[in-house]
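Asks: Chains as they are written, first to last, in the working numbering: chain A, 1 to 113; chain B, 114 to 228.
Some hints here could point you the wrong way.
Derived CB-CB ranges, DEER-like [unchecked claim]:
1. A/68 to B/141: 14 to 22 Å
2. B/123 to A/70: 40 to 48 Å
3. A/41 to B/127: 19 to 27 Å
4. A/41 to B/228: 12 to 20 Å
5. A/108 to B/164: 32 to 40 Å
Keep in mind the hints are simulated off the structure, nothing from the lab. Just so you know, these numbers come straight off a predicted model, no measurement behind them. Think of the CB as a built atom: it goes at the ideal place given N, C-alpha and C, for glycine as much as any other residue.
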Amino acid sequence: DQQVKQNSPSLSVQEGRISILNCDYTNSMFDYFLWYKKYPAEGPTFLISISSIKDKNEDGRFTVFLNKSAKHLSLHIVPSQPGDSAVYFCAAGGGGSNYKLTFGKGTLLTVNP
Amino acid sequence: DTEVTQTPKHLVMGMTNKKSLKCEQHMGHRAMYWYKQKAKKPPELMFVYSYEKLSINESVPSRFSPECPNSSLLNLHLHALQPEDSALYLCASSPRGGTGRYEQYFGPGTRLTVT
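For reference, chain A alone in the conformation it holds in the complex:
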């Protein structure tokens, strides 16, 4: 059973426009959510996180929104840049473990110049 789902395997946007990546989860025990960016053959890079007590967290061009009632979070990137092209993983923490992160399958973002 997949507890964290990223239903869009890929997304393509124009440079300068907004990129919106979506993530849904099923386990209501999750209380912390993270986004990672990954280039091929490199380790994931932590981007931004949000606690379940908040509904929005912003860091520069990156904003994460959390809708607890819908069990849905999204990552907004504004403006998108070609260097943002990568695979983005959504992850959730909590759910009874202090250490485990449950990852989604990732969304490949391509930002076209």
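With chain A held as given, fit chain B onto it using these hints.
Replies: For chain B alone, kept in the frame of chain A given last:
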């Protein structure tokens, strides 16, 4: 500084070889992790060390043997691997469990090929 280093960057080994992967962090983090990642898949947790003690073993075959010599170092000893073990092996660290924060910082990985 959120750097986790891993060596070697690439490793090719035969099925009868013994090799080790190394990971180091100097952020004062007290939890360290080994993950395995196959292409187009999310990272898959293998082991967690907390305060230098093995906290989680995700039913990993015994041909993978983790070791945590001190709070900054993490090793993964490999022996008698199979070709299907070929993958990117990632090390990560986090401040500690129970803080209500779950950020893990990943190293660049070791690309392992088993021939």
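Asks: Which earlier hints turn out false for this structure, listed by number in ascending order?
Replies: Failing hint: just 1.
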